[in-house]
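> Line by line, the protein sequences are chains X and Z. Heads up: the first sequence begins at 1 in my numbering, then just goes up one per residue. Heads up: the second sequence begins at 10001 in my numbering, then just goes up one per residue.
Please keep in mind that the hints were generated in silico from the structure rather than gathered at the bench. It cannot be assumed that every hint is accurate.
[As the list claims (entries may be wrong)] If you want a taste of the chain Z side facing chain X, the calculated C-beta under 8 Å gives, among others:
| hint | residue |
| --- | --- |
| 1 | V10134 |
| 2 | R10135 |
| 3 | A10137 |
| 4 | R10160 |
| 5 | F10163 |
| 6 | R10164 |
| 7 | R10185 |
| 8 | R10191 |
| 9 | F10194 |
| 10 | K10195 |
| 11 | I10221 |
| 12 | L10224 |
| 13 | S10225 |
Since the model is a prediction, treat every value here as computed from it, not as a measurement. Idealized CB from N, CA, C, for every residue including glycine.
In case you want the letters, here they are:
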Amino acid sequence: MLEGDSDQFVDDQDPLDGVLRAAFGGDEGREEASTARFIESLRRRSRSSSDEFLRERGGRSPDAGSDAPIEPPRAERYRLFEEIARGGIGTVWRGRDVDLDRDVAVKILLDRQPEDPSILRRFFDEAKIGGQLQHPGIVPVYDIGALSDGRPYLAMKLVRGRTLATMLAARSGSDSQRELIGIFEQVCQAVAYAHACGVVHRDLKPANVMVGAFGEVQVMDWGLSKVLDGTRREARAPEDRVVESVPERETSVRSSAGLVMGTPGYLSPEQARGDVDDVDERTDVFGLGAILCEILTGEPPITGGAPRARTTRAARGDLMAATKRLDACGADSDLVGLAKACLSPAKSDRPNNAAYVAQAVVSHLASAEERAHAAALAVTAASARASAERRARVLAVGLAVTVALGAAAFVFFERGRRERLADANRAVAQAIDAAQSAIAGAFERGGSAAWAEAVAAARSASALARPDESDLDTLGRVAKLLAQAESSEKNARADDDRRARDRRMIEQLDHIEERFTILTDLVPLDAEWAAAFREYGLDLDTMDPDEAAAQIQLSRIATHLVVALDYSALQLRLHLGTDDVSWEKRLRIALRADADPTRRRFREAILANDRDALRRMASDPNLPAMPAVTLELMSYWLHNSGFTAEGLSVAREYQHAYPGDFYANFYLGDWLNDDASANRVDAIRFLTAATAIRPLSPKGWTELGNALVLRGDYDAAIESARRAVAIAPESWLVHLGLGEALRFKGDAQGAVVEEQEAVRLAPANPQVRLALGCALQDSGDLHGGEAEVRRGIELLAAEPIEKRNPGDAAMAHAALADVLVAQERLQEATNEYREALHLEPSVPTAVAAHQNLGAVLKKQGYLDDAILEFREAVRLDPQSAIAHLNLAKDSCYMSDFRTAIDEFGQTLILEPGNVGAMDGLAWLRATCPDVSLRDAAVALNLASRATKSDPSNGDLWYTLGIARYRTGDFIGSVEALEQAIRLHRDARPTDCVFLAMAKEGLGAHEQAVAWYEKVLAWTRAHQPTDDELLRYLDEAEAALRLRRD
Amino acid sequence: MALGEPTCWTVVMGAAAGRRADRNEFARRYEPVIRAYFCARWSGSGRRSEIDDAVQDVFVECFKAGGALERVDSDRPGGFRSFLFGIIRNVAARFDAKNQRGESATTDSVPSDLESSETSLSRVFDRAWARALVREAAALYEARAGNLGDDAHKRVEILRLRFREDMPIREIAKLWGEEVVQVHREYARARIEFKDSLMEVIAFQHPHSRKEAERECDQIIQLLS
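All chains, please: the whole structure from these sequences, using the hints.
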């Protein structure tokens, strides 16, 4: 997605664009119909005169077997004189426009073609494209019409002159090569214009270049040309002219009768392969290279063999022979290099379009002129040197005799000097070639390393080119090369540095953001964050916001920077509160620096605290089409600014639109974790996706571990938490997470180790103290646990008021109460639970506190108070099964059996598999003192389900025994009660009483008496006070008495 | 896809069984793809006149008693596309063999190496296939929009202006006198809706597996991007 351009909401580089273009871009049927209509109209225009045409031809219909007209055909406006050219589909006639009184060339389809719709279409397209291209180097099309016999024609400017092919065949000497390069440059300019209009010629060759008598150059035969689609037009003509689209028609172009799409010998590999969709401007660049190759070497790139063989070699990109010929042709290396680049088999290696080629040729011509000028200067200088030498020789005559031996020696050394000079010049020429190649390579590869190589090569050339040995031209070229290479290297280095700096900044920002979640200590992280910005050249604390925003806009990583500003602003707001306005400054900088309209509106709404606008934006139907960073910003801010539901909703859209985005999955999973009503499985799914996308993110693994703990999957939670610890052992948060997972799994010792590490890393963090306290309590170290929990409470109390969270304090007091309960210090525990409820009277903390308080009160015998607490827990969270269960049990104790039955029932509605509720309700329905509430069948059903759920629980078998007894199933009752006694390992008096009763029901009186006596013996030993038990004992005594009587 | 809704396979089976409507539908759907393959294979060979015959031969091959369609297996990997590609290739090979027997050595005809370049031809076929499907998706999308009122119709128009007329969104907004942002939103929605239509058309080809249809959709996007 492009940032900052209001016209680029949807990325134009989206792969779906290609599909949409194919779907909507060209309506072939409509276009074909339009062509057909046009041609039909031409025919209608000519139909009236067709009879005359037939009469003139001796009453013979146009001869399908003969291509040559018997006499010049007739067109109303044009007089045709002679055929001047003939191609695969038509003939070209010299003619005269009688209306405008000018000579024209008229192209007419061959007799056999007019019925072929594909040829007609091509003819029509040629006229249409040619009529729209207006350039001195392109033959203009004046008119299109139909002859009297119905054959379409098109009238063009008549160019008098020779084709480039003819000139190449007749050329001689290097002067002619310079002229040819000049012509070539004009061809490039014409084709560059066509490219700018979105047209590719596709059949560039010397035969299609006409050179007029006055040197005017025109590119002809646009019959195979193609209009590129919009995305492939890189540039526009100066007047922003674009040729009206003529859709590509593979059928017509690929299978035109007798014609290859292009000409063997000049075909680019993609044309030769028939890959029409791959044809673009670079196909013409290949054609230009082919023309240049022929100019330089005398032959097209691919020569020899049958056309088919040449096409095959072209398709393979077999251009070795052409390359060798170019290397050996002796032309200037820049031209040879250009031709080789244009003829690269891979399109990506060729210059992008004809404009590049034209520019290179222009540069070559300019440099050749410069060289010629320098050479002229050198000749003058050499002439001056020669006359000076001549004068010197005259003066030396007088000394000739005396220095005769010396003169002989001079000749010897002079010869040697000239040889050395020639060697040196050759070496310099080679070094210049090497430097040019290195520079060309550096242009291609880019990067400072490539330019360093180019500088080294240019320096070598410079070192070799000594002023006393090289001519001015050479010295000038070397100096120019060196200056170019050095300047480009400097720029490349600066660019590399900028990229490296950008990369470093992104990495730093990511690293800091990652640790914001797992370390949560704002001050050092924010300092680190500010330092990263300072190092990047943005001192946000001292800079004016406008200045900072302007600088950010200039950065290539502007979006990263504004996202970091948003994030840090939120962190400041979360940690320092809204009274501290430092967050506002950062958000304002982000607002000014970021051109994205949605994000701008969102930031404005935050700054204005416009809650309605924020809500509206959260429900914008276009969320799925927004960029990922926008959705990230919105979901994160909303969720952390009190719009929990809206944040979650945006996060859902974010994840849906960008399922492969780490933050999309992480936020959604994290927030589903926080949402008590959400499906834990979903949270786990998204967090698992987040860890898969970014497996080295400790926060991803930590949150996944937390979600798995909530789900009760402790083994997987431990594994996730261990991954987090392995990645970020310095984070107290990950150790805390692992400790919690271990504790829930029952590994109290392991939990203690992890929580102690968390305390070591963050000794002043109350959360870790509390977690350690709980772990110690679970491990049996009640005093140690109590000490840590109390320390946690102290640390919480010491926190600044604005950071204090009553929920945290409430949980701390509840944890202290738990540890006190474990020590049987029930009164103190009661006080702590009450304190917890005082601090946080709302759900969900309070629900657990009310229940625990109820349990403690019950344990102390305050059943009335306990039932009030249980009722409050149910009121606060009617969806809590455990709250209903507690209330049910306590109601039983209070003999409020109706309430108990209702609450057990409610528990089973909320949690149908709750064994405790099944057992309680079964027991009540089987044994309730209020006989009207008994229901043996229901009891039996529930008790059977309970024992199936947990067959190792003796209590459940006991209830089943009673239920069966109540239904009269004494055998079943005996079996169940004997199973209960086995599982209890020792017979409980209640087991014995019912077993005795069941035995009695079976008629086994002796056995019944034995069990009754066992109960009475136990009673005498234990003196029980339990009402229910006493009731059964009474029953037992009565039964015994009855037996004895 | 609802039970009883036509799929590529119901059309293929119907055509194999000789049902006229299915045969017509079969020809309508697959003729452009078949033709594109032959055009690419015999590009520049001067064998244009053979293309029509070859296309006809493919249909004969498919519809004749005991023909290819009767042997088709809807569970084969690659769906009907790979099956059809096989038939076309066989017909082309037959034509080439016949042509080589009667061809003089100098004819500027099919380069033998290109002929064996099935990768390139397969790509041409795949692209033609992809184009056929996306055009059908466009038709479906347009037809559906016709029933959904002005806004839906407008979204189709945005895609048409954007991709047929090559107009930037800003210019479309100007043309309609609307906010650029609003047009962008509609544009984004239109893209999503079009993609849904495309998935539906692809599901026609891959009715058994949503996963396979999604894979095909990705492939089409890749081929045409």
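> Does each hint fit the structure? Answer for all of them.
Tested hints:
1. V10134: holds, 4 Å
2. R10135: Holds - the Cβ of R10135 (chain Z) comes within 8 Å of chain X, reaching about 6 Å at its closest.
3. A10137: The hint holds - A10137 (chain Z) has a Cβ within 8 Å of chain X, the shortest such distance being about 6 Å.
4. R10160: It holds, given that the least Cβ distance between R10160 (chain Z) and chain X is near 5 Å, below 8 Å.
5. F10163: F10163 (chain Z) check passes; min Cβ-Cβ to chain X is 4 Å, inside 8 Å.
6. R10164: holds, 5 Å
7. R10185: holds, 4 Å
8. R10191: holds, 6 Å
9. F10194: Constraint on F10194 (chain Z) satisfied, holds at 7 Å.
10. K10195: With a minimum Cβ separation of about 7 Å from chain X (threshold 8 Å), the hint on K10195 (chain Z) holds.
11. I10221: holds, 5 Å
12. L10224: holds, 4 Å
13. S10225: holds, 4 Å
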